[in-house]
Amino acid sequence: MLKEIEAIIRPHKLDDVREALSEAGFLGMTLTEVKGFGRQKGHTEVYRGSEYRIDFLPKVKVELVVPEQRLESALSTIIKCAKTGEVGDGKIFVLPVEEVIRVRTEEVGEEAL
Amino acid sequence: MKIDTGDTTWLLISTALVMLMTPGLSLFYGGMVRRKNVLGTIMQSFIALGLVSIQWVLFGYSLAFGPDVGHVIGSLDWAALRHVTLEPHPDYAPTVPHQAFMMFQMMFAVITPALISGAFAERLKFSAYVVFILLWSTFVYAPIAHWVWAVGGWVKNLGALDFAGGLVVHISSGVSALAAVLVIGKRRGYGHEIMPPHNMTMTLLGAALLWFGWFGFNGGSAIASGALATTAFVATHVAASAATLSWLLTEWIHRGKPTLLGAASGSLAGLVAITPASGYVDPGSAMAIGALAGLLCYGGVNMKNNLGYDDSLDAVGIHGVGGMWGALATGVFASKAVNALGNDGLMHGNLSLLAAQAMSVLAASIYSFAVSWIILKIVDRTVGLRVKSEHEMEGLDLSQHGESGYLL
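Protein sequence lines correspond, in order, to chains W and S.
If you read the first sequence in the working numbering, its first letter stands for residue 48, the second for the next number, and so on.
If you read the second sequence in the working numbering, its first letter stands for residue 749, the second for the next number, and so on.
Hints were generated in silico from the structure; no laboratory data involved.
Check each hint, because a few of them may be wrong.
Unchecked claim - Under the rule of at most 25 Å between Cα atoms (straight-line distance), these lysine-lysine pairs were calculated in the BS3-like manner:
no. : chain 1 : residue 1 : chain 2 : residue 2
1   : S       : Lys750    : W       : Lys82
2   : W       : Lys88     : W       : Lys60
3   : W       : Lys88     : W       : Lys130
4   : W       : Lys60     : W       : Lys127
5   : S       : Lys1005   : W       : Lys88
6   : W       : Lys50     : W       : Lys127
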């Protein structure tokens, strides 16, 4: 069984998370710069007296697919590195994965990771 | 009359400095709009270099500075630069070729309508803009320039002082900007959508070019190299610096943070305000004029939030308010000790200059507002002023010009 981890984290924690995942043996990931909000409040910007509320804050989304038996290890690595304890640390979603195919060799399943 | 090479050198360099202000303005404005309108906004300033320059050569210069007709306008006797030669002109340019003076004045005529574009940024059709600035340059700029600077002009005869264009450039454009926002209306989504500037670094580069060019704008208005040009040069810089600080300080106290846009806007406010006074005041007076300009224009740009009009890039708040303050301040701070050809202001015991300044401000404001209103209504009926709603959403860059500012 394969699982996808979708971790939305603080941009400045990305390097720590990436390094720790590599050290733990997770060798691939996909990164997207995203914007969003949850419980963390945005901020206001004032330009010549016109005030704008910026609700959507920049975050990065890290996606990686792992075998189910290694899921706990991956999650704890991400949490350890991404946590500051303040509101705005982000969220992690775990999703089931139907299939993985490596395009070059057409290997499938865990072999393709 | 003999041509003075030093004077000619300074006037030609000043002309090039003022030319650079128009692209500077385009960057100043361009950075303040949303990214979908960056090219359309830059274009509205840049196109004035092409359009108004040709208008000026063909008949604009003649209407502004040609032989006086009834103290209000020049005749077409100098159309297509007839009689405008390389010989000096006894009244306007006694020590430089007449064509150098014509070119220097051309750069003022070019930047002035472009200043108005800040008011209706992000929503005007390019075709309408082209027609508008040609009509505006002909029916607003040329007459007011004639009143104030030409031999026989009624404001000049009244004794009002305008060294480098407080009335002609800033009040005319700032008050016309108010007419424009009232006729054209607000941007789609104004007040509830967020519309922050998309590139503040571009805006600062524009402000820096404007400040640099202003040395030619005010310093060159001496039409000679030497003491008077230096007086204006010093006053220009001191006022800009004082206004940068006063705007920033006001904002820091009022809103809690000093912003780069505030610093850039403050410098512009100071430059606008010192323009009419620059050849008549000492450095201390320039400092006072600049410091108050920062404060007043900060109030000026905040005023729109209370009054509810969408002066998108604050052409009214900075050029209108700063221009009026500068023209009145000239009547307060001007000194014959600084410039014997000027007059004494209120601070030096003379009330009549301030009265003449107030009269000239009132006349230029009413005339600019009324004629701009009429021109805008005519353009709206014929060409149509605003872009279609879907084009406004799409942005001026794609809808008006078929190109994008950033392909990143």
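Going down the list of hints, with the structure as the test:
1. At roughly 68 Å between alpha-carbon atoms, S:Lys750 and W:Lys82 are farther apart than 25 Å, so this suggested pair is violated.
2. Distance hint between W:Lys88 and W:Lys60 is fulfilled; the C-alpha atoms sit about 19 Å from each other, no more than 25 Å.
3. Of the supplied pair hints, the one linking W:Lys88 and W:Lys130 holds, its CA atoms being roughly 18 Å apart against a limit of 25 Å.
4. Straight-line distance between C-alpha atoms of W:Lys60 and W:Lys127 comes to about 10 Å, which keeps the hinted pair within the 25 Å bound.
5. Between the alpha carbons of S:Lys1005 and W:Lys88 the distance comes to roughly 19 Å, so the proposed pair stays at or under 25 Å and holds.
6. Distance restraint check for W:Lys50 and W:Lys127: the Cα-Cα separation of roughly 20 Å lies within the 25 Å cut-off, and the hinted pair is therefore satisfied.
The structure is inconsistent with hint 1 alone, although it conforms to all the rest.
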